[in-house]
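Asker: For reference, the chains in residue letters:
2 protein chains.
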Amino acid sequence: MKKLCFLFSLCLYSLQILAQPPAIEKVRKLRQEKEHEWLNEFIQLLAIPNEASDAYNIQRNASLIMDMMRKRNIQDVKLLSPATKDAPPAVYGEIKVPGAVKTIIFYAHYDGQPVDPTKWAKGFQPFTPVLVNGKTADAEKIIPLPPAGSPVNEDWRIFARGASDDKGGVMSILWAYEAIVKSGQLPNCNVKFFFEGEEEAGSGHLQEILLKYPNELKSDIWVISDGPVHQSGNKLICFGVRGDANMDITVYGPTRPLHSGHYGNWVPNPALMMAKLLASMKDEKGKVTIKGFYDDVTPLSPAEKAAIANMPKVDEQMKNELGFIKPEMDGYSLQESLMLPSLNINGMQSANAGKLAANVIPTIAMVTLDLRLVKGNDYEVQQQRVTDHIKAQGYYVTDKDPTAEERKQYPKIAKVIKYDGYNAQRTPMDLPIAKEVVEAVRTTANGTLVIVPSLGGSLPLYKFEKYLKANTISVPIANHDNNQHAENENIRIKNLWNGVETMAAIMLMK
Amino acid sequence: MKKLCFLFSLCLYSLQILAQPPAIEKVRKLRQEKEHEWLNEFIQLLAIPNEASDAYNIQRNASLIMDMMRKRNIQDVKLLSPATKDAPPAVYGEIKVPGAVKTIIFYAHYDGQPVDPTKWAKGFQPFTPVLVNGKTADAEKIIPLPPAGSPVNEDWRIFARGASDDKGGVMSILWAYEAIVKSGQLPNCNVKFFFEGEEEAGSGHLQEILLKYPNELKSDIWVISDGPVHQSGNKLICFGVRGDANMDITVYGPTRPLHSGHYGNWVPNPALMMAKLLASMKDEKGKVTIKGFYDDVTPLSPAEKAAIANMPKVDEQMKNELGFIKPEMDGYSLQESLMLPSLNINGMQSANAGKLAANVIPTIAMVTLDLRLVKGNDYEVQQQRVTDHIKAQGYYVTDKDPTAEERKQYPKIAKVIKYDGYNAQRTPMDLPIAKEVVEAVRTTANGTLVIVPSLGGSLPLYKFEKYLKANTISVPIANHDNNQHAENENIRIKNLWNGVETMAAIMLMK
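Protein sequence lines correspond, in order, to chains A and B.
Heads up: the first sequence begins at 665 in the numbering used here, then just goes up one per residue.
Heads up: the second sequence begins at 665 in the numbering used here, then just goes up one per residue.
Honestly, the hints are just simulated from the structure, not real lab data.
The reader is advised that the hints may include incorrect statements.
Which copy is meant is left open, because identical chains are indistinguishable; a pair holds if it fits in one copy or across any two.
Derived pair list, reagent style DSSO-like, types lysine-lysine, alpha-carbon separation capped at 30 Å [said to hold, decoys possible]:
#, residue 1, residue 2
1, 983, 1064
2, 990, 749
3, 735, 690
4, 940, 1019
Given only the sequences and the hints, what does the whole structure look like? Please build it.
Answerer: Now the structure itself:
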């Protein structure tokens, strides 16, 4: 019986292989030959710190990516610099294919979220990429890259900031192009490359780039390689993303830290003030209580509703995997809650808790909020609603630390810093070229491709629509459990290789 | 006119000097000769880290203090070690005065609160003591100690962990004894010295010491040199202290940090859970809402009420100095609020806020609470009330990180760690020997001595009463703005010298 099962599985597997278009088979074969060279190249890129505010290292990342592109004979490789001096540039290049009628721009970003190295697991460092024989950061499972010719297990992972978000995206695009050409083929469209350098910092200068280089950036569609595939493990295509805007709020206690015995409960404690302020922002069912917060939401179209209904259900799997039983937003499925604007506490701090705690009244409490936006929301309006809510709780709101005079005038003071953000974007699900991308990716998807009207995550796609009137579609490649944005970020090798085939399929689509 | 004023001031000053008992004048003169030697000695002691859990350095502190005592011919200098191995010892010594009928034990502690060096001002380090020509930590005002013979301005301060809390207390006692003897005098009582090594860690082993050394620790009264003098700048004597007990609370979100876009508002955010939990602990008027929190408070006696009524009012001065206008506990004066049990947030943390913030859902949020207790409260009962309150908010309470099974069973989980603490203590205000101490200190107080039934701060005096049936009275010496327990802790030179005279006056009392 066992044997029969095995034979049957083997048959199925062969059928799958046979079902792949021959062009993609050639890409896979080439990739198998190149694995070691490519992984070494990837590790080299991951070793360069990539926070957008770190101009020196951003430049080093951009230079290395340009080298990689020139090595692959990509043309017109250059930096697209925004008008603002010293803001991170995008890396650009292009391939003109004789006879091609369509132009596709492939987007990824090479900058990453800020890192707190102290939070990474023992033996791991954000910019010391390591290969790990396991799913989680475990120093005992760090292994050397096997020598060329020895197999690299596809379940191994590479741990480093940017591994999945989004240097893996950059590399999958470059590797896909290389694999097509080196396997004796050519893309069926003109290919452009656009690698952004400040996506994780809010893409504050992206619009300057878009407005400055309209000729370079002409295309039929932008294909965005960023974010994770579906939690079910299936490939995913996404017609939109949520918008995003951050805010920092600081509230104030005494001007100097005080002994909690001599002053506690008489002098206002900023941690308690912050707790009350944050608690006022959501009700017991997890709905945001800020006035007007859900007012501007554009309803889903019938096609979007249908796509959501067709998505595999992963709620129970994710609850189990993430160790909780009751969602914050009671009565909503994961996908339903992602179709609403959100308010999330990214971090909260007041003096020290735990081992470093001292018996003090802290001087300040600080929180960073993350507002996600859906179609219909304007990020500045949402930020203003949060500010108005803070005022409605009796706070005097300023954008600086309060002066002695202000402290004498107002019982409750909040410093509110609004960061630049961007709105949500959704491409209509019936756009012909988008449908072609879907079909191309489906040929590499072993049966199941998940189609989503909007990702929970954010990308500045709204800006492409606004400033270039361009269409976008997101084709993520990373494993869902990649610790994106946090400590121990990682990408599974298999997802890199699947990503290469996905990007190649799009370049090869008729 | 100016000249007349000056002469008049000079006259007043001379009168004050003349009004001091001659024995104290001799002490002052001796101190003036010794200033440089003493400050060098103090700086040497402050340079040794002194967190109670740091056994190696605690031992170094104790050894140096014993050397200082032997140098002063104090007898029977030794460590009083608790039964528990490796717990911090107390340093002991004694002076038997021929014909003396009373025995006074002088208490101070040489351990300090935990330090977070990153929080100290630029150029300052907790265990690199510096002399500063100013009130606040300002690297530009760091000055070298002038050479012997040059004056040391009494408004200068020494910045270091333990400067005021409480190595300054240790030194003022040793210097007072030295000044009496070297100025050709003798104390009028037998003097015992007891310097504790784990006060800031909750005095967990103090009772073992008290029970193990009953003969050494026989006395008529313990004089406690710890804490600040009154905010008005006047000397202060205190008949009691509040009790103290800490708790750590951790609440749990997902098992790994998550991208806030892909999961925000569906996966429970522990920072929001913590905000709601803390917000539930106090009402809008700053009163603790935990059931039974104020139930066991022993009412103040008429003498205690009268003492409070006679205290200088500093509320407006302190609001101005600390930069706020509305107390947390609305309608209560500072002193009134200190006569109640309190609940203070010492620190609160969940992932990172501000510069290091990332767009994540944190995995945990943590808070450290500080419960102060007044006469009538039992610290374990108060801790249990907080725990019961957490349960009443729907939490499953455990004392470990939750298992996968627990996560599958309970929607809200809190880890609650209860630290050892101690109860409040109040010595009756009509105790004869306590009255004698008051009168002795009054002779050095230039007119105004503030008498307080209970300090806001805490000391394990309850244990002296419980295990030794001993009387205690607190005679603090530090400046009120000393940043005790926090970064940039400091002591004003003048307060050290006043402290020497205060301690000497008690040793010399008839």
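Asker: For which of the previously enumerated hints does the structure constitute a violation, in increasing order of number?
Answerer: Of the numbered hints, just 2 does not hold.
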